[in-house]
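Number of protein chains: 2
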Amino acid sequence: MSPIPNPSERAASAAAVPAGVTLSDPFWSDYTERVQNVVIPYQYEALHDRAPGAEPSGAVRNFRIAAGQAEGAFVGWVFQDSDVAKWLEAVGYSLQIRRDAELERRADELIDLIGAAQQPDGYLNTYFTIKEPGKRWTNLTDCHELYCAGHMIEAAVAYYEATGKDKLLRIMQRMIDHVETVFGPEEGKLRGYDGHQEIELALVKLYKLTGEERYLKLAAFFINERGREPNFLREEWKSRGRRGHFEPNVRQNLDLSYFQAHKPVREQSEAVGHAVRAVYMYTAMADLARLTDDEQLRQACIRLWHNVTRTQMYVIGGIGSTHHGEAFTFDYDLPNDTVYAETCAAIGLIFFAQRMLLLEPKSEYADVMERALYNNVLGSMAQDGKHYFYVNPLEVWPQACAHNPGKHHVKSERQAWFGCACCPPNVARLLTSLGRYIYTQHGDTLYTNLYIGSELSAELGGAQVRIKQQAALPWSGDVSFEIAADRAGEFALGLRVPSWSPDMTAAVNGEPVSFSREDLEHGYLILRREWADGDVVTVSLRMSTVLVYADARVRADAHKAAIQRGPLVYCAESIDNGEPISSLRLPQTAVFSERGADDLPGGAIAVETQALRSVTVSPDAGEEKAALYGTVPPRLEPVRLTAVPYYLWGNRGTGEMAVWLTTSD
Amino acid sequence: MSPIPNPSERAASAAAVPAGVTLSDPFWSDYTERVQNVVIPYQYEALHDRAPGAEPSGAVRNFRIAAGQAEGAFVGWVFQDSDVAKWLEAVGYSLQIRRDAELERRADELIDLIGAAQQPDGYLNTYFTIKEPGKRWTNLTDCHELYCAGHMIEAAVAYYEATGKDKLLRIMQRMIDHVETVFGPEEGKLRGYDGHQEIELALVKLYKLTGEERYLKLAAFFINERGREPNFLREEWKSRGRRGHFEPNVRQNLDLSYFQAHKPVREQSEAVGHAVRAVYMYTAMADLARLTDDEQLRQACIRLWHNVTRTQMYVIGGIGSTHHGEAFTFDYDLPNDTVYAETCAAIGLIFFAQRMLLLEPKSEYADVMERALYNNVLGSMAQDGKHYFYVNPLEVWPQACAHNPGKHHVKSERQAWFGCACCPPNVARLLTSLGRYIYTQHGDTLYTNLYIGSELSAELGGAQVRIKQQAALPWSGDVSFEIAADRAGEFALGLRVPSWSPDMTAAVNGEPVSFSREDLEHGYLILRREWADGDVVTVSLRMSTVLVYADARVRADAHKAAIQRGPLVYCAESIDNGEPISSLRLPQTAVFSERGADDLPGGAIAVETQALRSVTVSPDAGEEKAALYGTVPPRLEPVRLTAVPYYLWGNRGTGEMAVWLTTSD
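In order, the protein sequence lines correspond to chains L and E. Just so we're aligned, residue 1 is where the first sequence starts under the working numbering, counting upward by one. Just so we're aligned, residue 1 is where the second sequence starts under the working numbering, counting upward by one.
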């Protein structure tokens with residue numbers, strides 16, 4: 001077993017996420033606290049099969065059975081262990097924000113249980129331990145063994161960072177010791193990889209914490225083997241008689257692109273297959289490109305980033321255009337009503353964006369991160385923290401969700417905990433670690449990627465610097481940075497100019513900074529100077545309500561516009577605008593007024609404008625069921641249109657909703 | 001065995017389809033001849049597994065095996081026999097138009113084979129005879145035994161009417177004798193019905209031909225039992241261990257509404273489930289309502305008609321909004337891209353419309369019949385008669401058909417003969433019997449439902465009358481009726497005022513008929529007078545190109561218009577208009593010019609108008625992959641828009657197509 005070096009002893013990498021960031025934001029701190037006070041306790045109950053109204057998870061019970069502390073059958077998905085891991089990871093981040101003895105006790109107890117469930121050879125997976133002990137590592141395609149290990153590693157790292165307790169870390173290092181006896185380029189080992197990428201990015205975290213190169217090497221091995229010929233997944237599938245785990249009686253049709261294993265990762269240019277797997281893989285690829293200085297891998301990351309964000313991403317930052325395989329489809333195919341846009345995929349896109357920001361500081365990565373965070377991810381959670389969207393649609397007709405089978409996957413109301421409970425704990429771990437997404441540091445330049453109130457401590461320009469960011473997004477665009485330093489030091493502050501506020505202004509100690517678009521470096525305003533204690537930088541972002549148009553190749557959004565205010569995408573709901581929402585027509589010249597929305601959580605701003613409603617004119621329109629088609633053009637009636645932030649949709653009962661509205665010219 | 005009375009000996013029913021109508025139309029005769037010269041011979045080869053490039057049908061071979069004339073295993077669907085039946089039915093109609101000794105020889109040979117495959121007890125079905133002889137009548141839900149019998153009855157009736165040969169009729173009467181020993185209200189018999197309705201309408205035809213009440217009674221039995229409690233299909237399913245025919249290893253989820261067996265038919269008001277089954281059932285219900293003077297059934301038919309045509313019908317006359325179960329969804333749910341609109345369902349809707357016209361002469365039934373015929377049905381067949389659409393979409397993006405699994409069922413090009421070959425022979429039997437859809441007779445009023453060139457012989461007002469209709473639809477709206485009569489007689493000619501030509505004019509012997517909308521009887525202009533030999537009625541229909549709008553509750557068509565000229569719905573294709581088709585914007589004030597379309601079959605008229613194209617304006621639009629979303633409104637460029645008849649779409653290679661185009665105001 002290798003010793004765990006003190007993180008501060010390790011060489012600072014050229015690019016890094018500053019570790020010492022504490023959130024303190026009027027908008028986001030609420031969410032973090034909701035996760036701490038509601039989501040984590042609720043999910044703890046759910047994991048223990050005690051959440052009222054939710055399907056029993058079986059996750060903790062599986063560990064008890066594997067540990068010999070209970071009897072019974074394995075319950076849940078083959079990847080059920082990962083729910084426990086994601087909860088522990090969220091707990092790790094939560095404890096980094098605020099120590100909580102009772103929560104820590106619960107986590108320690110669970111970690112003890114995990115240790116007890118670990119097999120003598122280091123193997124850890126309750127499904128195979130309980131149910132198919134002889135079949136370990138025989139179905140990497142479907143069975144998520146390395147995926148579950150990856151999540152548990154992420155939990156171990158987060159928990160160690162929070163508490164200094166290394167028990168889970170040691171457990172997972174033993175597991176990886178075992179994994180190394182099974183996988184590798186050496187004769188007799190499997191040249192394989194998991195069907196669901198995750199361990200790759202986790203191993204990078206383990207490497208960064210411990211400094212042990214072998215973890216980085218193993219991550220690179222999994223990434224490099226993927227898609228190579230002879231194809232591991234195909235050979236494995238053949239040797240299983242072409243049968244899968246999920247429907248063992250049916251011949252499995254193996255689509256390698258579903259697993260992003262259809263070609264070597266360095267040759268991939270288009271995002272295909274299961275969206276979460278894809279972005280988890282791209283995240284690890286970007287990590288490896290940076291840490292191993294791999295230009296080919298870097299180019300692949302950039303190509304894939306462009307493909308995802310410039311041809312396959314919804315305006316809410318969601319990805320995955322079809323529920324068939326929870327997958328990407330093809331360029332510009334972004335149907336709003338049969339959409340998938342899984343919450344986990346948007347979270348994975350945020351991971352990918354963060355790693356791209358480390359690879360090269362470009363504001364487009366942060367723009368996407370912000371878009372996915374404020375819209376898709378935030379919208380997935382109900383205000384009560386207990387109900388979630390798995391699928392995040394941009395257009396909802398509740399009756400269609402109920403009565404058109406092609407839309408059964410779309411729900412018009414957030415659901416309690418899922419049978420496949422990947423999304424809620426993923427939201428929890430993201431929101432509790434949000435401080436890690438605000439800044440990236442490249443040498444002595446500190447890039448501000450998100451305008452979120454927080455305190456940062458870092459070494460910059462040879463000085464110990466503390467930066468207190470105050471922000472009131474998404475409602476107001478005034479931001480300030482107060483610098484406290486033990487001594488003056490020259491370093492640079494990079495301020496992102498958001499795509500939605502190209503006319504951002506900034507001032508240092510009240511003195512306006514004069515700059516043009518040409519002065520920006522990859523979308524950041526770089527303020528390099530000798531900073532002194534007490535310096536104050538203010539930034540002003542324009543929070544105006546604008547219309548956004550999609551590229552004409554997006555057929556689904558033709559002749560339509562979305563409403564955006566700052567980072568928030570808005571939507572029209574029938575509770576405010578009547579039915580059908582589709583009958584609204586939005587003038588391109590619309591001028592919006594703002595108002596506090598009484599029936600939405602405090603502080604939320606609704607926007608209003610004059611618009612039109614298309615009304616059927618029919619000789620027999622008085623009848624309940626008039627002729628469906630007629631030659632009389634519909635009448636356009638003036639109407640007051642109200643739009644609310646997308647992330648708050650569906651919080652006032654079930655109804656119609658649309659992000660994209662047809663414009664009038 | 002019952003004697004077959006001469007049809008002319010039977011009492012004339014109050015309402016009837018005149019039997020003696022011969023098609024002679026510049027537009028439709030071409031299609032009929034194509035069916036006779038190409039489709040029927042091609043389908044004959046296909047049934048014999050000799051059609052190049054098409055999947056082997058196995059249909060004839062199955063009969064050989066069942067007859068002991070060949071060895072081997074059953075091939076194809078459980079309802080494969082019905083393909084032979086539909087071919088024979090089309091042959092029957094074809095021979096009524098034009099005798100053909102060689103075709104008749106082939107049909108007789110096939111009928112001999114069918115006779116040889118019939119079991120000693122009268123049972124006829126090759127699947128159960130070959131494959132599961134002990135399992136007859138144990139799975140009515142899935143196995144189509146009565147369905148296949150129904151189609152063979154329809155064939156027998158058509159073939160007898162054409163040739164006077166009763167061999168197939170006798171075979172099917174023996175089969176029904178057998179069916180009567182199995183099904184019925186009596187103790188020990190099954191109070192059941194087929195999962196796929198068809199035999200009900202066939203039994204009505206058999207009754208009308210033979211005058212034997214027991215056939216009508218059996219049809220009524222099947223209709224009346226359907227959906228009653230205890231539910232036959234549910235009980236059968238339970239007794240089969242909840243397993244189905246198609247996936248015997250999987251627990252079957254029985255959805256009774258799929259079979260329209262969720263409640264008694266008289267209580268049904270909404271069209272649900274498999275669309276073809278539904279309209280075949282409604283057809284029989286309308287038959288029975290009329291023939292048994294059943295007011296409750298008549299009211300149910302009217303309710304279901306309204307539901308289908310006023311809330312669930314596409315503008316092309318297609319029905320079935322989802323491929324999941326080839327089914328209806330719910331009111332106003334008419335997605336254009338994930339549509340089903342199966343060819344067979346439109347044909348079934350035409351059957352239903354014809355029976356409703358017999359029930360009560362109302363032009364709305366004929367309007368729908370015409371809409372489905374000229375658009376959905378006609379569009380399903382390629383000009384070569386050998387390629388067909390099963391699904392008839394209103395919006396096609398070929399890449400989406402290939403790469404978005406939710407649209408895999410939509411094809412952008414017509415396919416050669418299908419594995420499940422229901423549609424092509426259904427088209428063949430409809431087009432060869434088209435003469436039966438032109439007129440309906442109620443007492444001494446002859447209603448013209450379709451303006452199609454033809455000659456009719458009928459007894460009207462005590463005279464033997466021949467009416468020669470000359471028409472040049474769909475291109476020109478001039479129609480004439482020349483009356484030849486052995487003596488003068490008083491009767492009425494009902495002339496349908498099509499919904500697309502409310503300003504229709506008419507003249508008798510050159511003398512204009514003056515009438516207002518109030519003078520019409522249920523949408524028909526009734527000309528009642530003493531008609532004499534040589535009288536000529538002329539009708540003029542306005543063939544102008546107009547925009548059609550859908551009811552605002554149809555979300556998919558909001559802010560859009562379709563182009564219609566006479567009975568033809570038009571569409572825009574990318575071959576004429578570039579890609580993406582969705583970027584076109586059609587002014588509501590569009591003025592259309594007409595032109596012959598050189599690259600379309602002779603006579604076809606394309607229409608053109610000034611329109612707009614929405615072009616993305618983006619700072620980085622020069623790049624291949626620019627930002628997906630921006631705040632600069634698209635530029636509207638003037639463009640010449642060309643639309644072609646929908647029925648001809650996809651005949652010039654694969655490309656984008658749309659029926660509904662966004663309007664500009």
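Think of the hints as simulated: they come from the structure by calculation, not from any bench. Idealized CB from N, CA, C, for every residue including glycine. Be aware that a few hints might be false.
Taking lysine to any residue and the SDA-like style, the derived pairs with C-alpha atoms no more than 20 Å apart in a straight line are [to be verified]:
no.	chain 1	residue 1	chain 2	residue 2
1	L	135	L	264
2	L	263	L	248
3	E	362	L	630
4	E	362	L	626
5	L	362	E	185
Below, a sample of chain L positions facing chain E; criterion: calculated Cβ distance under 7 Å [claimed, not checked]:
no.	residue
6	133
7	207
8	211
9	315
10	324
11	333
12	336
13	551
14	552
15	614
16	631
17	634
18	635
Hint check: 7 Å Cβ-Cβ cutoff, residue 614 of chain L to chain E: holds (6 Å)
Evaluation of the interface hint that places residue 133 of chain L against chain E, nearest CB under 7 Å: Given a least distance of 27 Å, the restraint on residue 133 of chain L is violated.
Straight-line alpha-carbon gap residue 135 of chain L to residue 264 of chain L, limit 20 Å: Not satisfied, since the Cα-Cα distance of roughly 27 Å exceeds 20 Å.
Interface hint for residue 635 of chain L, Cβ within 7 Å of any Cβ on chain E: violated (10 Å)
20 Å Cα cutoff - pair residue 362 of chain E, residue 630 of chain L: Judged against 20 Å, a Cα distance of about 18 Å means the pair holds.
Interface hint for residue 333 of chain L, Cβ within 7 Å of any Cβ on chain E: holds (6 Å)
Per-residue hint verdict: residue 631 of chain L, partner chain E, C-beta under 7 Å: holds (5 Å)
Restraint status (C-alpha distance of residue 362 of chain E to residue 626 of chain L at most 20 Å): holds (16 Å)
Straight-line alpha-carbon gap residue 362 of chain L to residue 185 of chain E, limit 20 Å: violated (78 Å)
Straight-line alpha-carbon gap residue 263 of chain L to residue 248 of chain L, limit 20 Å: Answer violated: residue 263 of chain L to residue 248 of chain L is near 26 Å, above 20 Å.
Evaluation of the interface hint that places residue 634 of chain L against chain E, nearest CB under 7 Å: holds (6 Å)
Per-residue hint verdict: residue 207 of chain L, partner chain E, C-beta under 7 Å: violated (33 Å)
Checked against the numbered hints listed earlier, the structure breaks hints 1, 2, 5, 6, 7, 8, 12 and 18; every other hint is satisfied.
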